[in-house]
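Participant: Letter by letter, the chains look like this.
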Amino acid sequence: SAVISQKPSRDICQRGTSLTIQCQVDSQVTMMFWYRQQPGQSLTLIATANQGSEATYESGFVIDKFPISRPNLTFSTLTVSNLSPEDSSIYLCSVESAVNYGYTFGSGTRLTVV
Amino acid sequence: DAKTTQPPSMDCAEGRAANLPCNHSTISGNEYVYWYRQIHSQGPQYIIHGLKNNETNEMASLIITEDRKSSTLILPHATLRDTAVYYCIVRVADTDKLIFGTGTRLQVFP
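Heads up: the sequence lines are chains A and B, in that order.
Heads up: the first sequence begins at 1 in this note's numbering, then just goes up one per residue.
Heads up: the second sequence begins at 1 in this note's numbering, then just goes up one per residue.
With the rest of the complex left out, here is chain A:
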């Protein structure tokens, strides 16, 4: 299955600033997915990122707050903008595996906003 490298693994940021999270995959994939996991909660899908087109956002998530780039078939970034303490969460990227049609997840980025 695909191997995902997600960076940074954790960060502490000041409110009002932004954090950009990178997701690198060792193989070409059509779609990449970004999730948020708030403390003690399940995963919530933020958006789907396709190469060469704008990301598709889920209800409750907007591009101004969570801009996504997808410059090629192996890489994507998620930026969390204008940070507030409510943005403190784990953010994860995910791709579909061409081998068994399961989905592989990155190890996550733990964001703390102070």
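Derived from the structure by calculation, the hints contain no laboratory data.
No experiment lies behind these values; they were computed from the predicted model shown.
Errors might be hidden in some of the hints.
FRET-style restraints, in silico, Cβ to Cβ [to be verified]: (1) A:Pro-85 - B:Ala-17: 38 to 48 Å; (2) B:Phe-109 - A:Glu-54: 41 to 51 Å; (3) A:Gln-24 - B:Ala-93: 25 to 35 Å; (4) B:Gly-15 - A:Asp-11: 37 to 47 Å; (5) B:Gly-29 - A:Gln-41: 23 to 33 Å.
To list a few chain A residues with every Cβ distance to chain B over 10 Å, as calculated [said to hold, decoys possible]: (6) Glu-54; (7) Phe-66; (8) Asn-72; (9) Glu-96.
Glycine included, C-beta positions come from ideal geometry on N, C-alpha and C.
On the provided structure of chain A, position chain B as indicated by the hints.
Facilitator: Using the frame of chain A, we list chain B on its own:
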């Protein structure tokens, strides 16, 4: 919204089979059922998935009812390392999205 419901928690004795139920009564004919687990805030780990036939791999078995409205994940010989949150997920047809529900917290005890 998630299309699955699971019990919030379950216990299982080490070495015994863990049977984790999931209801997905609104599942469509071309939507797959996926199971993942998450161990202490690590990224979710793929376990198994299926459409309508029962499936088995080195980790677990997946039993899907004939009407496809529910399924059961079976860990045949649970170990302490199987303690995790288990998510039953329906892959949304035509979108390839996985929408997570609230999951079952499985505690395996000695």
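Participant: State for each hint whether it applies.
Facilitator: Now the hints, each set against the structure:
A beta carbon spacing of about 43 Å between A:Pro-85 and B:Ala-17 agrees with the range 38 to 48 Å that was offered as a hint. At roughly 48 Å, the beta-carbon separation of B:Phe-109 and A:Glu-54 lies within the given 41 to 51 Å, and the hint holds. With their beta carbons about 29 Å apart, A:Gln-24 and B:Ala-93 fall inside the hinted range of 25 to 35 Å. For the hinted restraint 37 to 47 Å between B:Gly-15 and A:Asp-11, the CB-CB distance of approximately 41 Å keeps it satisfied.
Distance hint for B:Gly-29 and A:Gln-41: a CB-CB separation of about 30 Å, consistent with the stated range 23 to 33 Å. At the 10 Å boundary, the C-beta of A:Glu-54 stays outside the reach of chain B, the nearest C-beta of that chain being 16 Å off. The Cβ of A:Phe-66 lies farther than 10 Å from every Cβ of chain B, with a closest approach of about 16 Å, so its non-interface assignment holds. No Cβ of chain B approaches the Cβ of A:Asn-72 within 10 Å, the least distance being about 19 Å, so the stated non-interface status holds.
Residue-level check failed: A:Glu-96 sits 6 Å from the nearest beta carbon of chain B, not beyond 10 Å.
Hint compliance for this structure: hint 9 is the single one not met.
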